[in-house]
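Model the full structure from these sequences, guided by the hints.
There are 4 protein chains.
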Amino acid sequence: MYISETHIRVRYGETDQMGYVYYGNYAMYYEVARVESLRQLGLTYKELEAMGVMMPVLENKSKYISPAYYDDLLKIVTTIRMKPSVRISFEFEIFNEQKKLIHTGETLLAFVNISDGRPCRPPEVFQKVLAPYF
Amino acid sequence: MYISETHIRVRYGETDQMGYVYYGNYAMYYEVARVESLRQLGLTYKELEAMGVMMPVLENKSKYISPAYYDDLLKIVTTIRMKPSVRISFEFEIFNEQKKLIHTGETLLAFVNISDGRPCRPPEVFQKVLAPYF
Amino acid sequence: MYISETHIRVRYGETDQMGYVYYGNYAMYYEVARVESLRQLGLTYKELEAMGVMMPVLENKSKYISPAYYDDLLKIVTTIRMKPSVRISFEFEIFNEQKKLIHTGETLLAFVNISDGRPCRPPEVFQKVLAPYF
Amino acid sequence: MYISETHIRVRYGETDQMGYVYYGNYAMYYEVARVESLRQLGLTYKELEAMGVMMPVLENKSKYISPAYYDDLLKIVTTIRMKPSVRISFEFEIFNEQKKLIHTGETLLAFVNISDGRPCRPPEVFQKVLAPYF
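Protein chains in written order, with this note's numbering: chain A, 1 to 134; chain B, 1001 to 1134; chain C, 2001 to 2134; chain D, 3001 to 3134.
Any given hint might turn out to be false.
Among the chain B residues that face chain C by a calculated CB cut under 7 angstroms, a handful are [what the hints assert, rightly or not]:
hint, residue
1, Arg1011
2, Tyr1012
3, Gly1013
4, Met1028
5, Glu1031
6, Lys1046
7, Asp1071
With a Cα cut of at most 30 angstroms, we get these calculated DSSO-like pairs of lysine-lysine [unchecked claim]:
hint, chain 1, residue 1, chain 2, residue 2
8, A, Lys61, B, Lys1075
9, A, Lys83, B, Lys1061
10, D, Lys3061, C, Lys2075
11, B, Lys1099, A, Lys61
12, C, Lys2128, C, Lys2083
13, C, Lys2046, D, Lys3061
14, B, Lys1075, A, Lys63
15, C, Lys2061, D, Lys3099
16, A, Lys99, D, Lys3046
17, D, Lys3046, D, Lys3061
18, B, Lys1046, B, Lys1075
19, A, Lys61, A, Lys99
20, D, Lys3100, D, Lys3083
21, A, Lys61, B, Lys1083
22, B, Lys1099, B, Lys1063
23, B, Lys1061, A, Lys46
24, A, Lys63, A, Lys46
25, C, Lys2063, D, Lys3063
26, C, Lys2063, D, Lys3100
27, D, Lys3100, A, Lys46
28, C, Lys2075, D, Lys3063
29, C, Lys2046, B, Lys1099
30, C, Lys2046, A, Lys46
31, A, Lys63, B, Lys1083
32, D, Lys3083, D, Lys3061
33, A, Lys63, B, Lys1061
34, B, Lys1100, B, Lys1083
35, B, Lys1046, C, Lys2100
36, A, Lys63, B, Lys1100
37, D, Lys3061, C, Lys2099
38, A, Lys46, B, Lys1063
Quick caveat, the hints were computed from the structure, so don't treat them as lab data.
A quick note: this is a predicted structure, and the numbers were derived from the prediction, not measured.
Glycine is no exception: its CB is placed at the ideal position from the N, C-alpha and C atoms.
Next up, the structure:
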């Protein structure tokens, strides 16, 4: 499996009047975590789209264990547990600055040809950089 | 069980460069659907908070069946299947204007006392308006 | 000039921990107001894009007079004061349920050909529906 | 005057179907730039609120010169040109990776006592760290 880490600072506009990070904003944190996870392998999602492949989301799950607060510097641990086929699953664990696990999530995405909208395998380069981990 | 419907028009800023509604924006659609679902019972979430009870989200799940597009007038069917206790679960089905089911979701929320942050039962008025449905 | 009205209900996720609507969310309210303003003339922005014309924003200005709060049903009065040329300016006045003016804004947009990215005149149909007001 | 720099990576969810960063998302970039600008002086906005002072926005202005795109690493130059009194103005210049100026903005904020909602002077510590620059 492949594990990586990234950090995100909570923005004011991401909080709500409860004083917590709004529950709907975690999905964007996952997106940042996925993208940085690939970047650490030398890949960018931007390049994938330039190669004609997009990755729409099929499923998303979130568990809100404890709130995140304004200005928290969150650590997100991203895990790809299974070798990607026409689909890829990312798991997320979010820790606050007190190293407490406050949130878990999981996103399932498809590889899709932009030209015809059909499912496809990950591009060669994608398979190649991930191969050593599986 | 209690079933209600609400409609949401997709905003331009809710799309992403894939030309779809960004996957992270559905959670806010669920929020609108929950709030309008309660409003149709004569309750507002705003009043709940004024009574000293807030409803943080514990879990959220989404399935993205087909994309939603800019300016689509989406219909959201919201179902409360089980009588709320210290927790309440809402299920969502989202249909586009062609009456196609494009998305399903489920959100589990807690009732929490704002004063001490502890779980609590739903306020009397909340239990009362929902009672006929269970 | 052309004046129209639309209403927007403040979503929970649009508030921040100050308990107000986050200042960055007004721009999306303006977008909704512009789109509904055109829809009341029988035009949709979606159709404009389908005709090959997009309207990127050139300038935006906002004055925050008083806060908007969660669940407020805001009234937005949208004014097109001058006949559109290759640019169009929309002015916004936002009123709360106590009919208090809480916010003003102004957005300047361009008409741009999607095919070549160059400024253009508004499509015929756009000019036609607005003509009676100028 | 006081000038600082910060960098922001454009998120996928911040783009819209035009393929640009949605015009409403720049206000949040300004927020990040203000907060990081203060942090570089050893101050955090979070601490300001903990001292009982909040900074609601009074006015905001934006000029969109050229689009920002997905995954761009934007440089934001933030300038406080005048010594803050009961108000403070931040100016922003945003550059893309080709060092092109693509956007300018300006935000006027007030210092307000959280306890009574009344305008106030900046806290001592705030005045102290900024004093050398004016």
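| Hints breached by this structure | none
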